[in-house]
Amino acid sequence: MSAIASGRFDLTGSDLDADPFGFRSQVAPSQSASLRSDDAAVVAAALRTLDGWAAEVHLTPHGVAAAPGSILLDAGHLVEDRAEASSTAVLAEPTRWVLYTSGTTGEPKPIVHTLASLGRTVVRSEAAASLVWGLMYDPNRMAGLQVVLQSLAGGSRLVAPSMDEPLPRRIDRLVEGGVTALSATPTLWRRILQLPAARDLPLAQITLGGEIADQPILDALSRRYPDARIVHVFASTETGAAFSVRDGRAGFPVSYLSEPPKGIDLEIRDGILHVRSPGVSTAGPDGFASTGDIVEVVDDRVHFRGRASGVVNVGGANVFPEQVERLLRTHPDVRDALVTSVANALAGNLLVAQVIAGDAADTAGLGKRLRAFLREHAPAAHVPATVKVVDEFDVSTTGKAVRS
Amino acid sequence: MKTRAAIVEALSELFEEDELPVPEMRDDLVLLETDLDSLGFAVLVTRLDEELGYDPFSLMDEPVYPTTLGEFVAVYERFGPEGAGAA
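Top to bottom, those sequences are chains A and B.
With our numbering applied, the first sequence covers 1 to 404.
With our numbering applied, the second sequence covers 405 to 491.
In isolation and in its complexed conformation, chain A is listed as follows (with noise of 0.2 Å):
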């Protein structure tokens, strides 16, 4: 049984550990390189034969300029004659693997870790071995790399279909594939259950993650795969601190405040959520920092409402998009929504959405049927100024909606 399998390749873990791009011939011990390919097969393959050997590996992603210095990997084709066992390491310091930011915020920035610092969320259990996982990520960023030192660390199968194909291919690819286990992104597994094909997974694991998880998302999934577990994950680049809900219900317990999940303590600072993570730069005194997110307590739960950074003044009134994108969704014509803000001289700024109208919708006059409904429900600065109907939005590489 192969270990991964990425479309172009397809390699057995002995596979992986014998070099196959002969990545040790082209890089000397203690040097660094770095490598440009978003095939899952070829990042793995690098994960188990230059870790120990390099100095340094940079993943570096499209659109971002090798680092100086660094010898690129040629990672084309397969080698002939494979060394044995090439996944022992020679250095005594652990390689420093370099990955990058998506930018969605400013340039890429380079982040230093190493396999131990990433494969901190790694799940080694027998249940998590027998899984088949897929893969919807680009394998250089956080979320991917995640996905396939999981599959390595528990020798379970990947299947990683390429990320430039469409996504209904990708999806029939998993299907091919047995792919019983998939993480994603809110926005992307809208776009997942749209497709007849994906009725055919037959999952046993979903995990989201990137964005805000929904109530109408987590119910539908749970409606559609009754079987499988559904996990969201809260993962904070800013602070590093991430935590799952398994409850099948949106945000997370109060009781979490008090009973840290995993040691992680949490507060509520001026409607932002704080984790105590000593280390972090912008971390205050008593070791807590903020990580962005504005949240609110309703009852029982703590809900995610929105980034503090991505608030918008619309005629002095303070808008999270977000919370205007939660809103439309819960319109039954309507199965995702994006919201964003344009520059306005005469209000500072204003909301424009984009909707991507369900199946069975009438979207004749969808647009204005919406604004009309968001005027029922929401203060006059939450209606966008033009609701437009979409058949997609664009999804960047780490599989959330552009914000941009």
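Keep in mind that the hints are not guaranteed to be accurate.
What follows is a set of in silico ranges between Cβ atoms, one per label pair, in the way DEER data are often shown [claimed, not checked]:
# : chain 1 : residue 1 : chain 2 : residue 2 : range
1 : A       : Gly-76    : B       : Met-464   : 51 to 59 Å
2 : A       : Thr-282   : B       : Val-426   : 33 to 41 Å
3 : A       : Gly-365   : B       : Asp-432   : 27 to 35 Å
4 : A       : Leu-115   : B       : Ser-442   : 53 to 61 Å
5 : B       : Ala-410   : A       : Ala-361   : 24 to 32 Å
6 : A       : Arg-96    : B       : Glu-455   : 50 to 58 Å
Here are the simulated EDC-like pairs of lysine to aspartate or glutamate, each with C-alpha atoms no more than 20 Å apart in a straight line [stated by the list, open to error]:
#  : chain 1 : residue 1 : chain 2 : residue 2
7  : A       : Lys-368   : B       : Glu-421
8  : A       : Lys-388   : B       : Asp-453
9  : A       : Lys-368   : B       : Asp-453
10 : A       : Lys-109   : A       : Glu-56
11 : A       : Lys-368   : B       : Asp-439
12 : A       : Lys-368   : B       : Glu-437
Think of the hints as simulated: they come from the structure by calculation, not from any bench.
Glycine included, each C-beta is placed from N, C-alpha and C at the ideal position.
Since the structure of chain A is already known, use the hints to place chain B on it.
Chain B only, in chain A's frame:
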């Protein structure tokens, strides 16, 4: 004339959507005496930006606050592709 027609159409549409009485679109119509509020005018400017491809209020060096529909149209004509611009 095309600019005026586009403005009148966008304005009428906004009145209808907001279920407000649509006034007679005369040049001496005083905009602030209609039922459209300041946010409504901001929405109009954003929609016209999409329709006409420019927002004169973000192009002008000194702010101009048109009182009547005729003045509002004149601002758009002045900053439009065939207008005299900000000069």
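Here is how each hint holds up against the structure:
1. Restraint check, Gly-76/A to Met-464/B: a C-beta distance of roughly 55 Å satisfies the suggested window 51 to 59 Å.
2. Between Thr-282/A and Val-426/B, the C-beta spacing of about 53 Å breaks the proposed range 33 to 41 Å.
3. For the pair Gly-365/A and Asp-432/B, the supplied restraint of 27 to 35 Å holds, since their beta-carbon distance comes to about 32 Å.
4. The hinted range of 53 to 61 Å is satisfied by Leu-115/A and Ser-442/B, whose Cβ atoms lie roughly 57 Å apart.
5. For the pair Ala-410/B and Ala-361/A, the supplied restraint of 24 to 32 Å holds, since their beta-carbon distance comes to about 29 Å.
6. Our hint of 50 to 58 Å for Arg-96/A and Glu-455/B holds, since their Cβ atoms are close to 52 Å apart.
7. Between Lys-368/A and Glu-421/B the CA atoms are separated by roughly 7 Å; this keeps the pair inside 20 Å, and the hint holds.
8. At most 20 Å may separate the alpha-carbon atoms for a hinted pair to count; Lys-388/A and Asp-453/B meet this at roughly 15 Å.
9. A hinted pair counts as satisfied when its Cα atoms are at most 20 Å apart, and Lys-368/A with Asp-453/B qualifies at roughly 18 Å.
10. In summary, the hint linking Lys-109/A to Glu-56/A is supported, as the alpha carbons are separated by about 16 Å, within the 20 Å threshold.
11. Straight-line distance between C-alpha atoms of Lys-368/A and Asp-439/B comes to about 19 Å, which keeps the hinted pair within the 20 Å bound.
12. At roughly 25 Å between alpha-carbon atoms, Lys-368/A and Glu-437/B are farther apart than 20 Å, so this suggested pair is violated.
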